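Engineer: Please arrange chain H on chain X, whose structure you already have, making use of the hints.
In case you want the letters, here they are:
There are 2 protein chains.
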Amino acid sequence: MSGPDLAIVGAGAFGTALACTLARSRSEPLVLYARNAAQVTEMRDTRTNARFLPGVVLSERIELSNDLAALGSASRILVAVPAQAQGEMIRTLRPHVGSECELVICAKGIERASHRFLSEVAPGLPISVLSGPGFAADMANGLPTAMTLASSDRARAEATAAALSGDTFRLYASGDVAGVEIGGALKNVLAIAAGIVDGAALGQSARAALIARGLAEMTRFAAAFGGKAETIAGLSGLGDLVLTATSDQSRNFRFGRAIGQGVPPKELSKPGQPLTEGAFTAAVACDLARRAGIELPIATAVSDVIEGRLTVGQATEDLMRRPLRNEDATFDQGPKT
Amino acid sequence: MSGPDLAIVGAGAFGTALACTLARSRSEPLVLYARNAAQVTEMRDTRTNARFLPGVVLSERIELSNDLAALGSASRILVAVPAQAQGEMIRTLRPHVGSECELVICAKGIERASHRFLSEVAPGLPISVLSGPGFAADMANGLPTAMTLASSDRARAEATAAALSGDTFRLYASGDVAGVEIGGALKNVLAIAAGIVDGAALGQSARAALIARGLAEMTRFAAAFGGKAETIAGLSGLGDLVLTATSDQSRNFRFGRAIGQGVPPKELSKPGQPLTEGAFTAAVACDLARRAGIELPIATAVSDVIEGRLTVGQATEDLMRRPLRNEDATFDQGPKT
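Heads up: the protein sequence lines correspond to chains X and H, in order. Going by my numbering, the first sequence opens with residue 343, and the numbers climb by one from there. Going by my numbering, the second sequence opens with residue 343, and the numbers climb by one from there.
So here's chain X without its partners, still in its complex pose (with noise of 0.2 Å):
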């Protein structure tokens, strides 16, 4: 089938930056698919996503469509929803695409309904996953920014990492699917801590080491599904980590703030409001660890506090107070809190 061979479904912040970013290092088109048929003329009057990548011109190689037939002639996929939509997503695309057509995976978090990680809610496709720190709005100005490419079949990571990669968009190839998917979502359950920590105003020092902490808590999380300690430590971990917890252009990290500025958190999850993924991923993460014997004392405050069942002041206490341990010990085993 002739068309584009690359393609990014739905255009919020994060797959729109995408878009602009890989048109900026090709010279063939790509496709930029969205569902809603308004926004996708709106975009191509206007050549600019006024509602999630506001003052970002797009380019003419990337054709605007919400027809699901322009994604047949791709032989990659990138898959930019929200999390809990990507299994539906995935479902409605299959019968148009090719059975031997990659799905990047660009989401990051837990699948609610089912637990699942989300490179396994793709039954039947070849998977690769993208994560790592990239705030829509550095990638689609062009600011140089660096991600992990992760495929259980390596050869694949390292050929789909070299294909996206550009000038300013760098790609390392990763054989470590778990431990990449397993960086992206838990450090949106960190960076609510760190946010609430920001909001409380316990201080950067206290931000600075509930991270350091918050990386230890990932890692033993890792182990137990198989992601390696390495990964966690890497762009897609750590990197990722620094920053959603150190900047208020994370919408985790802003949920996180306003509660430890005392909004009460039914408040942040009403209706209407924009989701915030890390508060799905604390409570599914407590449930998977609870099953694999291991403790995450930042994950569990969270999900506490986003339930109501811990003020704020008892969750930073907890935090703050649990008895000395050797760190070596600490960051093998998880503390008692």
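Mixed in with the good hints there might be a few duds.
Some chain H residues near chain X, calculated using beta-carbon distances under 10 Å [to be verified]:
| id | residue |
| --- | --- |
| 1 | T390 |
| 2 | M481 |
| 3 | S547 |
| 4 | R549 |
| 5 | V584 |
| 6 | E609 |
| 7 | L610 |
| 8 | S611 |
The hints are simulated quantities; they were obtained by calculation from the structure and are not laboratory data. Fair warning: this is a prediction, and the values are worked out from it, not measured in the lab. A virtual CB, placed ideally from N, CA and C, is assigned to each residue, including glycine.
Structural biologist: Chain H alone, transformed into the frame defined by chain X:
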């Protein structure tokens, strides 16, 4: 000898903040020693350290002294002077303290003249090292802070960590002196790099990627000198790196940012300018790495920029355009620049 059994040497911002923090959780007095008689008199009269830590009231339990004899009763002395001044300070105080007195090294860096780590600069006395994410202002104001206390004698590390910890100041014991010292020294170099990225307006995504690559670089360096990866991933490595590389409260970060904004490095190193420890450490770390046969691309770039061998534009381009490599491999072996 009667008198306080705890002393802090050095009444800069950090030493004074340590005194405030430790006085808060103790009922016994402690000594804060400064060499400068006029400074001591002023602090005694005003109960503040107006020059280095304005706005913080010094507890009556802090005994201010410029007399080395006041250290004679101490069983523990926290040495909080600049890294390059530590050797001389310890030689000066040595005759005045007991042979069992423990020195807790609080500076971060590598002695420039000797290329020695700071724990090696105090022969003949028991040594431990305090390091981790703690801004003086946060500590002095009672905000929660968590740091690492390391000694090659683990029982000593545990006893000292417990003795110095309070409700808001939590010390975790470690047996990995090399890992703690290397984290504390190298994070200053990486903070300069992060500042350069910030000053050159390359975006928060690029800075986060740099921090993740910086952690890998610190881990490699530590491995070559006997430090552990889990120490580097903990409070004294990553935690301090995150704090220093994301905040303009950090002198090293501000030094880098000025360079990134176009100020010639030579102007920042003129006599009378504040000392920037990472600028010293960069060159020394590169020397040590060369002898050990490992590569430190970020520290090398920082050193080259400071010495005028590389422009900021060349350095950031080099760091971003390095050949694509697998992230797992990168973590273990230094990537080729």
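Engineer: It remains to establish, for every hint, whether it holds in the given structure.
Structural biologist: Do the hints match the structure? See the list:
no.	hint	result
1	T390	violated (20 Å)
2	M481	holds (7 Å)
3	S547	holds (4 Å)
4	R549	holds (8 Å)
5	V584	holds (5 Å)
6	E609	violated (26 Å)
7	L610	violated (23 Å)
8	S611	violated (26 Å)
Hint check: violations occur at hints 1, 6, 7, 8; the rest are consistent with the structure.
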